[in-house]
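Undergrad: The residues making up each chain are set out below.
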Amino acid sequence: MGMDKDTLWYKIKKMNSLSTLPEIYDRVSDMINDPKTSAANLASVISRDETLVAKLLRVANSPFYKASPEKVTSITFAVALLGFNATKNLVLSVSIFDLFHTFEESLKLTVRGFWKHSITCAVASKIIAQNIRYKNPEEMFVSGLLHDIGKIVEIQYMPEDFKKIINVINSKEISMKDAEEEVLKYSHTDVGKMLGVHWNLSPRIIDCVRLHHIPDKAIDSLMEVSIVHTANVLSHSLELDYKVPILNEKAWETLNLKIDMLEPMLKQLKKESIEAVAVLFPKK
Amino acid sequence: MGLIELDKIEPGMVLAKPVYSHLGALLLKEGKKLTERELLILESWKIKEIDVEGVESSESKDKAVSDQLEKEELDKIEAEIETKFSSIPKDNSLMMEIKKIVKAIKVESLLEEKKHGNG
Ligand SMILES: [Fe+2]
Ligand SMILES: [Fe+2]
Chain Z
1 MGMDKDTLWY
11 KIKKMNSLST
21 LPEIYDRVSD
31 MINDPKTSAA
41 NLASVISRDE
51 TLVAKLLRVA
61 NSPFYKASPE
71 KVTSITFAVA
81 LLGFNATKNL
91 VLSVSIFDLF
101 HTFEESLKLT
111 VRGFWKHSIT
121 CAVASKIIAQ
131 NIRYKNPEEM
141 FVSGLLHDIG
151 KIVEIQYMPE
161 DFKKIINVIN
171 SKEISMKDAE
181 EEVLKYSHTD
191 VGKMLGVHWN
201 LSPRIIDCVR
211 LHHIPDKAID
221 SLMEVSIVHT
231 ANVLSHSLEL
241 DYKVPILNEK
251 AWETLNLKID
261 MLEPMLKQLK
271 KESIEAVAVL
281 FPKK
Chain G
1001 MGLIELDKIE
1011 PGMVLAKPVY
1021 SHLGALLLKE
1031 GKKLTERELL
1041 ILESWKIKEI
1051 DVEGVESSES
1061 KDKAVSDQLE
1071 KEELDKIEAE
1081 IETKFSSIPK
1091 DNSLMMEIKK
1101 IVKAIKVESL
1111 LEEKKHGNG
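Line by line, the protein sequences are chains Z and G.
Residues in the first sequence are numbered consecutively from 1, following my numbering.
Residues in the second sequence are numbered consecutively from 1001, following my numbering.
One or more of the hints may lead you astray.
[Stated by the list, open to error] Computed spacing ranges between beta-carbons, pair by pair:
#: 1; chain 1: Z; residue 1: Lys217; chain 2: G; residue 2: Glu1005; range: 43 to 53 Å
#: 2; chain 1: G; residue 1: Leu1094; chain 2: Z; residue 2: Leu107; range: 32 to 42 Å
#: 3; chain 1: G; residue 1: Glu1097; chain 2: Z; residue 2: Glu181; range: 26 to 36 Å
#: 4; chain 1: G; residue 1: Glu1073; chain 2: Z; residue 2: Ile274; range: 17 to 27 Å
#: 5; chain 1: Z; residue 1: Ile246; chain 2: G; residue 2: Glu1112; range: 23 to 33 Å
#: 6; chain 1: G; residue 1: Glu1072; chain 2: Z; residue 2: Ile274; range: 19 to 29 Å
#: 7; chain 1: G; residue 1: His1116; chain 2: Z; residue 2: Ser38; range: 47 to 57 Å
#: 8; chain 1: Z; residue 1: Thr37; chain 2: G; residue 2: Lys1115; range: 26 to 36 Å
#: 9; chain 1: Z; residue 1: Lys267; chain 2: G; residue 2: Lys1033; range: 28 to 38 Å
#: 10; chain 1: G; residue 1: Arg1037; chain 2: Z; residue 2: Lys267; range: 19 to 29 Å
#: 11; chain 1: G; residue 1: Glu1073; chain 2: Z; residue 2: Ile246; range: 48 to 58 Å
Since the hints were derived computationally from the structure, they do not count as laboratory data.
Note that CB positions come from ideal geometry on N, CA and C, so glycine has one too.
Could you put together the complete structure from these sequences and hints?
TA: Below, the structure written as structure tokens:
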């Protein structure tokens, strides 16, 4: 029997490596919630971390993120151009990788594969969002990036259970989600939701994490969940290892995209995801 | 005879070699005289270059023919994609469309890789 949900929830809250988001993200969030914060205040806080600034500007101007049609040359300009929320999402998108490090040697490759898939799904979510003229493509980027975050919690906190899950997948040829249900009685979508709630992420992002395998169940965030669900299918279709999940009809209809758009979107995804992995998760 | 890029092709030229799609289907036979119709076919299949009679290859791209994918390589991609999509019902037209596009992308990127790899 794997670790039960309550124990996991307790662990998530207690362990400090995971339980807190990157400090800078917390600070940015707090500032944004304070009506007295000005763009200049926010920019000056972010500017204290030079490495972060360099990365933010690089990502903001990359074709795969393309936060604005204009070149973003400074953090002050970025905040003014993108607005508070987009800046917050951008900060989270570049700093999330620093949270997870203490992995067993035998799981290192799995972890790399995990981030590659997450980044691909983030780029796919952004591409779809732009194609349907969704209002916050950068929130979709972060939702795609976090959609499977529960898996990395499993890898970090329950490596033994995780290995069991992998064995079940290989021997029974079933999906990750079904294998998790068998070993744990819950899956990465439940774990991810816990983390999202604990981190105080937006309800839309939490819905994407929670419902990306069952978009029919989405109510308030049907559009957002449909974007991430479709992005996940497109990402898997381009990746080598796993079987492709079926695209849910309701999700596809919700996007209201022409089938002719699949080819240009997949080609763009192929190109931009390689670039995004190189920028966000470089080999060390 | 020479391999030339699609934007240098003009109606009236004659194919020195048959043209195949990236997936190996015969599109145009050898000896075919190119008219607007053939150009349209080449364009819609996104064929980048063809072999025509009486034209010197702009660069020494004749060896590009040997850069084309071997049958085993195509088979490997085919097999890989079949496995990936094995649990998808064949009448799911949306998924079959994705499958077709992914296959074309894989073939294309392998061709790219080879071109760069062979210098
Ligand atoms: Fe998932
Ligand atoms: Fe996924």
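Undergrad: Would you mind marking each hint as holding or not holding in the structure?
TA: Hints, verified against the model:
The given range of 43 to 53 Å is respected by lysine 217 of chain Z and glutamate 1005 of chain G, whose C-beta atoms sit roughly 51 Å from each other. Leucine 1094 of chain G and leucine 107 of chain Z have their C-beta atoms about 35 Å apart, which keeps the hinted 32 to 42 Å range intact. Against the hinted window of 26 to 36 Å, the Cβ-Cβ separation of glutamate 1097 of chain G and glutamate 181 of chain Z comes to about 30 Å, which satisfies the hint. Evaluation of the 17 to 27 Å hint for glutamate 1073 of chain G and isoleucine 274 of chain Z yields a pass: the beta carbon distance comes to about 21 Å.
At about 30 Å, the beta-carbon gap between isoleucine 246 of chain Z and glutamate 1112 of chain G stays in the expected band of 23 to 33 Å. At about 25 Å, the CB distance of glutamate 1072 of chain G to isoleucine 274 of chain Z agrees with the hint of 19 to 29 Å. For histidine 1116 of chain G paired with serine 38 of chain Z, a C-beta distance near 50 Å keeps the hint of 47 to 57 Å intact. Remark: the range hint 26 to 36 Å for threonine 37 of chain Z to lysine 1115 of chain G is contradicted by a beta-carbon distance near 52 Å.
Between lysine 267 of chain Z and lysine 1033 of chain G the beta carbon distance is about 32 Å. The supplied range of 28 to 38 Å therefore holds. Our hint of 19 to 29 Å for arginine 1037 of chain G and lysine 267 of chain Z holds, since their Cβ atoms are close to 26 Å apart. Restraint check, glutamate 1073 of chain G to isoleucine 246 of chain Z: a C-beta distance of roughly 28 Å breaks the suggested window 48 to 58 Å.
Consistency with the previously given hints fails for numbers 8, 11, ordered from lowest to highest.
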